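Once you've looked at the hints, dock chains P, L, E, G and U against the given chain X.
Number of protein chains: 6
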Amino acid sequence: MPNVIRSFDRRPADLIAGVGKYSTATIHEAQGRLGALDSRIKPVKQGVHIFGPAITAQCHVGDNLMIFEAINLAQPGDVLVISAGNHAEQGGFGDVLASACRGRGIVGLVIDAGVRDGRGLRQSGFPVFSLGLSIKGTAKETLGTINHPVVVGGELITPGDIIVGDDDGVVVVRKDPAELALACEAREVAEAAMIEKHLRGELTFDERYASMRTKGATWSD
Amino acid sequence: MPNVIRSFDRRPADLIAGVGKYSTATIHEAQGRLGALDSRIKPVKQGVHIFGPAITAQCHVGDNLMIFEAINLAQPGDVLVISAGNHAEQGGFGDVLASACRGRGIVGLVIDAGVRDGRGLRQSGFPVFSLGLSIKGTAKETLGTINHPVVVGGELITPGDIIVGDDDGVVVVRKDPAELALACEAREVAEAAMIEKHLRGELTFDERYASMRTKGATWSD
Amino acid sequence: MPNVIRSFDRRPADLIAGVGKYSTATIHEAQGRLGALDSRIKPVKQGVHIFGPAITAQCHVGDNLMIFEAINLAQPGDVLVISAGNHAEQGGFGDVLASACRGRGIVGLVIDAGVRDGRGLRQSGFPVFSLGLSIKGTAKETLGTINHPVVVGGELITPGDIIVGDDDGVVVVRKDPAELALACEAREVAEAAMIEKHLRGELTFDERYASMRTKGATWSD
Amino acid sequence: MPNVIRSFDRRPADLIAGVGKYSTATIHEAQGRLGALDSRIKPVKQGVHIFGPAITAQCHVGDNLMIFEAINLAQPGDVLVISAGNHAEQGGFGDVLASACRGRGIVGLVIDAGVRDGRGLRQSGFPVFSLGLSIKGTAKETLGTINHPVVVGGELITPGDIIVGDDDGVVVVRKDPAELALACEAREVAEAAMIEKHLRGELTFDERYASMRTKGATWSD
Amino acid sequence: MPNVIRSFDRRPADLIAGVGKYSTATIHEAQGRLGALDSRIKPVKQGVHIFGPAITAQCHVGDNLMIFEAINLAQPGDVLVISAGNHAEQGGFGDVLASACRGRGIVGLVIDAGVRDGRGLRQSGFPVFSLGLSIKGTAKETLGTINHPVVVGGELITPGDIIVGDDDGVVVVRKDPAELALACEAREVAEAAMIEKHLRGELTFDERYASMRTKGATWSD
Amino acid sequence: MPNVIRSFDRRPADLIAGVGKYSTATIHEAQGRLGALDSRIKPVKQGVHIFGPAITAQCHVGDNLMIFEAINLAQPGDVLVISAGNHAEQGGFGDVLASACRGRGIVGLVIDAGVRDGRGLRQSGFPVFSLGLSIKGTAKETLGTINHPVVVGGELITPGDIIVGDDDGVVVVRKDPAELALACEAREVAEAAMIEKHLRGELTFDERYASMRTKGATWSD
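Residue numbers (this note's numbering), protein chains in the order written: chain X, 218 to 438; chain P, 218 to 438; chain L, 218 to 438; chain E, 218 to 438; chain G, 218 to 438; chain U, 218 to 438.
Here chain X stands alone, though its shape is the one from the complex (with noise of 0.2 Å):
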């Protein structure tokens, strides 16, 4: 198999936008507490959303040559995910990639490693997610791969898998996007209805006495 696979499927962008609007941890719950990355994987500015299909590279630990043709091969909306040996001590990442992922529309980054620049980073408005700042920069010596399965997070992701992204992490879609926005959108109706409740004092807890009884809870007098 080659290196690097130049093409993938995408799904139509109105598909993933009608998925990717929805919180991640809206969209874990309701395709059943799945696809969550480790909590690790955070932005380095809060209050970022972003969502689009993965275009993967495989990069060596302390390496960041793949990442140029994951670049050069994504199109205006994809999301750039990046396998880097799960390890923070490194930042193969900085304002120079952040401005050749925003010259072509890439909508944000994904990867298991530091990025530095963070100044840079949070003024350039460009998402990224990641374990954190480091100052060490990478060599460019070793082979990886393109648009092979990877690994991020403790999550598989396929080229094409729908990622979104907001302060509290990453989540990978694992559900039909059509079906999983209508649970999205019936579970947010649910809670805002509770929310509005318990802000009056007013609590919807029933279901967990039910369970709690069940289990052989027993109270104090």
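No wet-lab data here; the hints were simulated from the structure.
Bear in mind the structure is a predicted one, so any value in this text is a computation, not a measurement.
Some hints here could point you the wrong way.
Put simply, identical chains are the same to the list, so a pair is met inside one copy or across any two.
[Stated by the list, open to error] For lysine to aspartate or glutamate, the following DMTMM-like pairs were computed, each having C-alpha atoms within a straight-line distance of at most 20 Å:
| # | residue 1 | residue 2 |
| --- | --- | --- |
| 1 | 392 | 402 |
| 2 | 238 | 396 |
| 3 | 238 | 378 |
| 4 | 357 | 424 |
| 5 | 238 | 408 |
| 6 | 432 | 419 |
Then chains P, L, E, G and U, alone, in the frame of chain X:
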């Protein structure tokens, strides 16, 4: 002993406020360097300062069933203190439960787990001290306890213990609150005077030099 | 050798500023990927940028006795560099010592431990690079050293070494500062040109492709 | 309250042995999944099994001053339980203090720190449960407490509490020891029967399937 | 899709043994540095070497309910691969379940959690690869899956994948097993020849020097 | 400066053996609690004790290219000290390189990375101090240095520095070796006497009590 203990004694609100208004660092020093929880337990949003009596729950790791009854039994002014397995990769508390807390007048949450809906929590203003943000929701299956003593962040917390939290983290009051408030005030007055002197370039380190000399320090010419 | 060495040579201030004005990531690359401290050492407040010669102290873990004499011996423009056992669960530096630093004209602190009074430190504007915030105060009992070489964040730091810190972390200058400043400037000029091109969607990755081809990369059709 | 509390009540030795002879895992289950210390606290040498009443000390991180008086006040059969800052990079206990423990008839040490002289400790046969081996000796400078309650490995330990340790780690007895011994025995008998059946290939999982069906599990054909 | 998938295709036993007899390090290199699980997953007892097709289960963190049905559905020669939340502070597998595995002819367990009854597991000889020993038993409350793909130790494992484990850890076969066996054999023959030469003091590093020279290494006189 | 420095001064072998025969813990104390590497660097096989002058290499994380030339330049009796990015998830040294080391008379390896072929390493008897075992082989692509000073486990090591390793870990000699040997001997004699007394139940803690009294300790009746 029953799983759920409904009530416990709370100190008078003005006594709690009398000590709770001091910073966690001041309280920790003034009571003899006691009571600070593990520093990984931090506020989701900087700039908060909370205090109140602890209402406690013990949850199984990855499970939030017991939080519901803890909220139900709380009184206005309480701090919810949850022991949940010292595991950051779970988010069993988010904006729905935060709204229930706010509806009940609970003043904050302290938990040795992750939480989710970070943006919502920040916008709501409900103070949460946790191991960070995690998308991963919890099960609601396993029985635990309410208002038994718990260990959170390496500190024993008994229902009614006075909890104080700010940007530095969380401390539990270990001394008589009235006496401790006096010690805190004395400490803050002394520190304010030292800070003023220090800012003028006048150091007040004589005691430290005496200590170094006693221990046999040597100086170059 | 005495515990406390009173003085050491400092480079001229304009030489220090000449290299110190560049970002930590630029300096690290320009000197051959050297000198970056462990990425866990981060600023308490984002947006700072400091530089200056290191004045060093070695503290016992959980003890801050030696910080006092280090402040006393510092000169305006110095950066206080403290080796304290690589342990985050201690806060032996807070707003009182920060005021002493400010009174002496010290420009920042770098420490492999926690610090406390996070809100006060942020408000004062005194730049602190640490392992995070911890309530737990330290003892002042155990003798260490002043102005001996220390290892902080995995890097050897000798008194007078030029320290630079920003949002990405801390780097120590390892090359001749005048030559390094030239290399940094050349690098920034080149990067600015690349960024401008990249933002227009023009990639400048030819060198990377040559490297991939040399190593035998294969492409799908 | 004085720093050093000289004495506390110990349960009768046969009562302690009655429960202490069971494995830590059996005790933990039999008392309702309570009392297990953090799994990072492990024996230096496999194959040991200890039990006895806790005599406790609180040491400052990086300091072992209080261990001396704890040994001095111990009685034959005691287990030394030391809270020392939850920090593995210190070795404040080695073969000299182990010999003092053996001379006093202390049956083992539990500490949330490193220890040193690993080879000597193994050869001496004195059981040590710790965060591992560390060369780094401690200061003997800072006052702590003896026979106050301490938190070690996330569990509260009060002087006289029954401590049990084996290859799996350390557990503190939380129930009446006589009743707990009966529950342990019942559990071991039941498990021995299950093991015998299982080894013959007969599974005894009916209760689990009932549980899965209740929760709505579905099977492929 | 049902929670529990009863069956999957297994490769012929001799094909599995043909590749499984090589060391994990050899397999990893021979298939292009792929398939190694996180190094924290290690054998409870040194000196084991296992191989077989994976039967998989997904457990909720802190819960072992699904392990029972996985054992029930296993066939002789299978390796039980359990994804359980990447959390070491739980011991949901001990000597009772090990006896059930042995009764069924299961050849080993791979789990991203702790296990317990360390001494019993070692004595039984049943090979277990885990995050270490933990006393803490699990709940049996929450539904998961059987024979769905799982991620364990950062690697995707699909039922029927060939798993190999030895002292170095665990690897999953990613290439055609027959071809991979040939590549492993070639590698071992070449390494044996190199080792023999090296032990005589003859180095075989020419290729490395060519590489260093290409990259511009410089030597002192 | 060239990448590869071919030679450096070694102390006479009997001088090295004179201090190297003492335990790491004794050396660390006798030279003023200096020189101990991070406790995570541990022997692959217990019971070894090595000493010798350091020959150093700096490798890029995930790359072992420079180890080859370090072995080539080593002399009998040397200890190979490799700085490799403080990352356990790589195994760039196994039984092939161990045989090259043995053929050259190298007495041991110290590395801040993983190694592989654990069983082979143990059987060969070649002493290795590392972050543990990892299957994952490294690239051989990126240039580093030979015989420049390196930081390994938080300690600066310069070629020719005397390295000592045993079960407790690794220490680098920081004082004149002849004087240090005398201090070690004195310490061991004193400790042997203390151990003998302690085993008879006679404590020798007077100095500790004096210290506690000075600090104001209080005792219960």
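Quick rundown of the hints versus the structure:
Proximity of residue 392 to residue 402 under the C-alpha cut-off of 20 Å is restricted to the intra-copy arrangement: shortest distance 15 Å within a copy versus 42 Å between copies. Taking the closest pair of Cα atoms, residue 238 and residue 396 come within 20 Å of each other only inside a single copy of the chain (14 Å); across copies the shortest separation is 46 Å, beyond that limit. In this assembly of identical chains, residue 238 and residue 378 lie within 20 Å of each other by CA distance solely inside one copy; the values are 15 Å within and 36 Å between copies. For the identical chains of this complex, residue 357 and residue 424 are inter-copy neighbours only, at 10 Å across copies versus 56 Å inside a copy, given an alpha-carbon limit of 20 Å.
Taking CA atoms no more than 20 Å apart as the test, residue 238 paired with residue 408 passes inside one copy only; the shortest distance there is 16 Å, against 35 Å between copies. For a Cα distance limit of 20 Å, the shortest separation of residue 432 from residue 419 qualifies neither inside one copy, at 25 Å, nor across copies, at 28 Å.
Taken one by one, the earlier hints fail for this structure only at number 6.
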